[in-house]
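Participant: Chains L and H supply the protein sequences, listed in that same order. Residues 1 to 177 (the numbering used here) make up the first sequence, in order. Residues 1001 to 1207 (the numbering used here) make up the second sequence, in order.
Some hints could be false.
[As the list claims (entries may be wrong)] A few chain H residues facing chain L, derived, Cβ under 10 Å:
hint : residue
1    : 1010
2    : 1027
3    : 1044
4    : 1075
5    : 1144
[Said to hold, decoys possible] Computed footprint of chain L on chain H, listed as stretches where at least three residues anywhere in the stretch have a Cβ under 8 Å from a Cβ of chain L:
hint : stretch
6    : 1045 to 1056
7    : 1062 to 1069
Read the hints as simulated data drawn from the structure, not as lab findings. The C-beta atom is built at its ideal place from N, Cα and C for all residues, glycine as well.
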Amino acid sequence: MVESDRDNFTRCLAGDEAAWRRLIAAHAPLVYAVARKQGLREDQCDDVAQSIFSALARRIGSIRDAQALPAWLITSTKRESWRIRRATMQTDASAPEPAADDHRTMERLESMHQVRRGLDELGGRCKELLTLLFLADGAPDYQQISRTLDIPVGSIGPTRARCLAKLAEILTDRSGS
Amino acid sequence: MDPQHLTDELLTDLALGTLDSSTAERVRATLAHSPDALARFERLRSAIQGLSELRAHAGEFEVSRDRITRLQNLVGTERKQPLSSLMQRAADAVATVVFDSLRTHVPGLRGGTGAARLVHLESESCRITIRCERDSVSEMICVTGEISPPGSHDEVVVRDCTEQTERTIVVDETGFFEFEVAPGTWSLRFQGKHVTPVVIDQLDLES
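Using the sequences provided together with the hints, build the complete structure.
Facilitator: Rendered as structure tokens:
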């Protein structure tokens, strides 16, 4: 498994530049997803992302731990998006509306973000296999997966189960339960 | 079926719905009497559901490599930038700050419609960020910011230096505050339980 978000967060607290780059790469997709759900244009999403990670760089010491980071990012991104939306709506009546049922939408985004991060933490062959089986377009082609990962077709089922069990363990750990 | 036969592979097949009906029935019956195996099954099923949902919405998280790199570079530069450099970057701003007994100059709002400026202040007790932006329609100045670490009773006293009036803005529990002012000369006083008062005694928000 690769370094966990928890370990990387600790490195960020110590000012590790490489850790900061990893943190931004890991969590920027969540910030963009939240900003898009608030109805922002892509260029506005860029502005929001910059504001949020600049704020994070200054405030990371006040965030309890790595587990609290996604919720902090979601709350901060929503707030910054609302501010930009309010300014946009005064000048552009055609600005898209934010997603309805906002609370449920944000919960769903955080849940999907945790799965993305869990897969990255899992890393290696397991990440590759689960990605090919569950995230690739179309129905999974076991022959193709066998060739791509160089494993017998008969091993795919047992390996899938082992990898899912590891992912489930990571997700449970990430949720703190 | 004995609970020890409930392997991850069998439970995964049950979660995926790929077991024949009689085997699925026997697995379910065994799970009903094995809380540990049931918890393991629920975790596997939750992971599979999470992957399925992610597959349906993966596009919402897409961000190009270029955008990530640009963001990393921007934030990296800002993290390394000393306050003096941030001040110099906005030489056209006019502001004076009384800062933990130290008087210095900080950037304020650059003139013109749509102008925006970030101001970072740092003292021994806290860090304060202020973002001033002129609304292109109302011409009012929207001031947002945050105090870090947030206290429980932080507030910002906003004083109109021309009219000699003032109002108090309560900072929320996360350290965030927001208010609008008309263009003009203002003073801002940041105060709170854990914050050594920080005063910007002349913030010129005219162009």
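Participant: Next, verify each hint and record whether it holds.
Facilitator: Checked hints:
Interface hint at residue 1010 of chain H: satisfied, since its Cβ lies 8 Å from the closest Cβ of chain L, which is below the 10 Å cut-off. The closest approach between the C-beta of residue 1027 of chain H and any C-beta of chain L is roughly 13 Å, which is over the 10 Å cut-off, so the hint fails. Below 10 Å, beta-carbon pairs count as interface contacts, and residue 1044 of chain H has one with chain L at about 5 Å; its hint therefore holds. Look at residue 1075 of chain H: its Cβ gets to within about 5 Å of chain L, closer than 10 Å, so that hint holds up.
Interface restraint check for residue 1144 of chain H: the shortest CB-CB distance to chain L comes to about 6 Å, inside 10 Å, so the restraint holds. Coverage of the stretch 1045 to 1056 of chain H by chain L holds [criterion: at least 3 residues with CB-CB distance below 8 Å; count 9]. Counting residues of the stretch 1062 to 1069 of chain H whose CB lies closer than 8 Å to any CB of chain L gives 4, so the stated coverage by that chain holds, three being the minimum.
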